[in-house]
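Undergrad: From first to last, the protein sequence lines are chains A and B. Take the first sequence: its letters are residues 1 to 621, numbered as in the numbering used here. Take the second sequence: its letters are residues 1001 to 1310, numbered as in the numbering used here.
It cannot be assumed that every hint is accurate.
[Stated by the list, open to error] Taking lysine to any residue pairs in the SDA-like style, the calculated list, with each CA pair at most 25 Å apart, reads:
1) K1005/B <-> I501/A
2) K1058/B <-> R526/A
3) K552/A <-> P1294/B
4) K1229/B <-> D528/A
[Unchecked claim] Quick list of simulated restraints, FRET-style, between CB atoms:
5) I501/A <-> V1021/B: 20 to 26 Å
6) V1021/B <-> F507/A: 21 to 27 Å
7) T1069/B <-> I501/A: 23 to 29 Å
8) S266/A <-> G1169/B: 30 to 36 Å
9) I576/A <-> G1293/B: 28 to 34 Å
Since the hints were derived computationally from the structure, they do not count as laboratory data. All figures in this text were calculated on a predicted structure; none of them were measured in a lab. Backbone N, C-alpha and C define an ideal beta-carbon position, used for all residues, glycine too.
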Amino acid sequence: MNELLFLILMPAVAGLVPLFIPRKGKIVAGIVALAASVWMLVNAVRIFGAGAKEYSVRLFTIGGELPFDFSLRLYQFNAFILLFIALFGVLVIFYSIGYMRGKDRSSIYYSFILWTLSAAAGAVLANNLLILLMFWEVLTVILFFLVNMGDEGHEIAAGKTFTMLGFTDAGMLLAIVIIWVTCGTLEISSLKIAATGFTGVLTFLLLFIGAIAKAGAMPFHSWIPAMAEPTPVPVIAFLPASLDKLLGIYLLARISLDIFSIRTGSGLSLMMMIVGAGTIIFAVLMALVQHNLKKLLSFHAVSQVGYMVLGVGSGIPVAIVGGLFHMLNNAIYKCGLFLGAGAVEFRTGTTDLEELGGLAKLMPVTFVTMAITAFSISGVPPFNGFVSKWLIYQGMLEGPGYNVIFLVVAVFGSALTLASFVKVLHSVFLGRRQEKFAGVREAGFAMQVPMIFLAILCIVFGVYARLPLEKFIIPSVAGTTGVSVEQMAVSTTSGYWNPVIATVLLFAGLVVGLIIYAFGKTKHVRIDENVWVGGNIMDNEEMRIPGTHFYKTVTDDLHPAWSALFRDGQEGALDIYNIWGRIGFNVVQVLRSLHNGILSTYLSWAIIGLGVLTFVLMFAL
Amino acid sequence: MDAAKYLFNYLIFPGFLFTAVVGLLATWVDRKVTARVHWRVGPPWYQPFADTVKLLGKEVIVPAGARATGFLIAPVVGLAAATLASAILWMANLYPSSSFVGDSIVVLYIMTIPAISMIIGASASGNPLGILGAAREMKLLFAYELPLVIIMLTTVVKVGSFSFEEILGYQSANGIMLGSVSGVIAFIVAIFCAQAKCTMIPFDIPEAETELAGGTHIEYSGAPLAVVKLNMGIMFFVMPIFIITMFWGGVSFAGLRILTTILKYVAIITIMILIKNTNPRVRIDQAVRFFWGPMLVLSIIALILAVLGY
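In isolation and in its complexed conformation, chain A is listed as follows:
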């Protein structure tokens, strides 16, 4: 069988197996899914090095003129996306085997995950817009089912997710129809459309909205926070946190770089950058006030998309490289963060930041991996998030003068991200522990391995940033921006700071500090009973301060208008789903008032209708 087709069909077929495995034996289903995903990963690695490949079958021809092909195309860019899709598949399934053990959920869960892998591979490989949309749609439907496997409140979340993604997908369908009519082909690799004029801009906007709704940029983000609480953690870690980012930004890059060739300084580029910068800042502000770990992380999942949209939308080669590298990095650390949150939830039964605290000693692996991923997302050197943000900052300097504003927003957003994760580390792992959590243990082996793997990846991609940049990102971007691979490598990595040396030196600094400790009387550390507060020795248990109100001064006390923003954000006023819901409700109210149940009203409507019809038939035609 064709290798590309195999990558799509194999997980789909393997996904049928768990259907026949009863709930009791779901560990078997997990192992089957793991085997299938590992096989997929092996194949993805194999074809990654094998160069470009194409596969095409003519399905039908419309009117003898418009050919419709089922065509797949593999090249540099989607080969590496595919690689990481398969990798996340393996990690999440591995984690799920541990996570699902204590949960009463049937083995069909693994079928959904495998089908998601299949559809994601299809969407990435598709070289025909309609085929891409078809796989895209399958992902939306499966996500609906996966959210529905969640805890209390899942119906509303699943409905919201499906509605928002469904509507934006419908917009994409409209765009595809426009493209078919105007260009006569849907083959992505040969499409070139000018983003000018009404249809050009409309087509671009519809596709753009489809892409950013998947990735979760504002204002089409609200499905992610809504689904974050009820959905099983591996699902959030798999779809909105990693796969949807890869897919959404992949599509965004394809349309804005390949199909429409958006130029630096054009209106659409500016629009994309505004969307990106707005997403960064508003989402991170919302994250600051969250009380639930999963919801907080979901707002960061939104906020980080801003960097990618900003980078890709700017049209500046260095920033595009940064944006795509950030896509990859974000998938890595955000997946790790959600998996860590899942481990905490698995052991304590809650993700409420007010409840948690002091778990660092009991769950050291989770703590260390989450701290590493948290520093990565905050862009602390030498972790990977710093490198990609740094590339985006570099790029912002090259464009038009107004880019400075985006630069400020991006850097400041990063500081707020750090603030938000300081709150997380304090409220979950440091601070004080409640008595009832005294017996909490570290998460199991199956859950630890993916977390450790992702944390190591964060360090490797930060310290040896050249490796992913030269292997994955630069070859993907070089072709589309008209800059050669060599030139691109020079402009992004030469003169770049040397994270290896910096890391070694940081460790040398740690050694110096420890030597200072060694000089001191640190051999006999006295562990004191209680803390000393205001002249009194206080009972430890009373002294629990959760981190949920860390930033209350900033969010509530500064200015009424400012705190109103947070209130509105909390209550969903910035949520496009609610806004449209209200508009729809009002329209329905008008229609309802016509249905008042009085016969004469209905009769008069019927007669008016008849009159209009007669008029049209007699005179207008």
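Keeping the supplied structure of chain A fixed, place chain B upon it in accordance with the hints.
TA: This is chain B only, laid out in the frame that chain A set:
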């Protein structure tokens, strides 16, 4: 060979040893000037060193509810990062060829790590006053970070690069940033940001000796406290050097310029010490309002002027 050179640069000069000694001396200047303002005699020059040695001889106490590892390792991480920031900054000034693309961003980021490590340490201590201090430190950090980034960009926009080498080259060719209107405004904002970064009065809100009894430092004792104090000394050294590099032509040890270097540094810390001694501590919401209000406006004006070329 290279490795040995890097280690020398990092550990001895201009890294750890040099930075620590000068940093501690700077805290002596602070104490001496403060004492003179108070009409006291003040300590002899070796007092900070004596204090450090004394602290090393004291017992280390860890509260029972603390996450001990995080609590003890945090000051060391801060020390490593502060030293790295100092080393990169000095190397770029003394040997411009060692500068790399975007090192000013790297230094800006690394300079936040000491504050973060203090937050983590205080949070791990489990002391409610420490945690209050940690929350305040974080709020203070993102309050001043916004104007700090913007004024940093006033220089970057004029030079068109993030690298210290080009920033210094531009200043030696076209005159220092302080010679322009935007540079002066940016410099004023930078001093206030430095004040907050070093948590000096009026922005010593996280430590707040009178109400939080040391805040972020409250549970530290012995050797860890010595490292905490050392970090503060180093930051008191690094931050003014960063400002000098960005706005005042940088530092140098070549011939007579060594004198001007010392004068520039002493001028900046004197301003900071005088602000410290003539102001009361503000509340955290006032501090946030100050940095997101007047300071933000000033920094934006500076940025606009810089974009326009003034």
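Undergrad: All hints, please: hold or fail.
TA: Hints, verified against the model:
1. K1005/B <-> I501/A: Roughly 11 Å between the alpha carbons, so the hint for K1005/B and I501/A holds.
2. K1058/B <-> R526/A: holds, 11 Å
3. K552/A <-> P1294/B: With a Cα-Cα distance of about 21 Å, the restraint between K552/A and P1294/B holds, given a limit of 25 Å.
4. K1229/B <-> D528/A: holds, 22 Å
5. I501/A <-> V1021/B: 20 to 26 Å: holds, 24 Å
6. V1021/B <-> F507/A: 21 to 27 Å: holds, 22 Å
7. T1069/B <-> I501/A: 23 to 29 Å: holds, 27 Å
8. S266/A <-> G1169/B: 30 to 36 Å: Taking Cβ atoms as reference, S266/A and G1169/B lie about 33 Å apart, which means the hint holds.
9. I576/A <-> G1293/B: 28 to 34 Å: Once the Cβ atoms are compared, 32 Å apart, the range 28 to 34 Å for G1293/B and I576/A holds.
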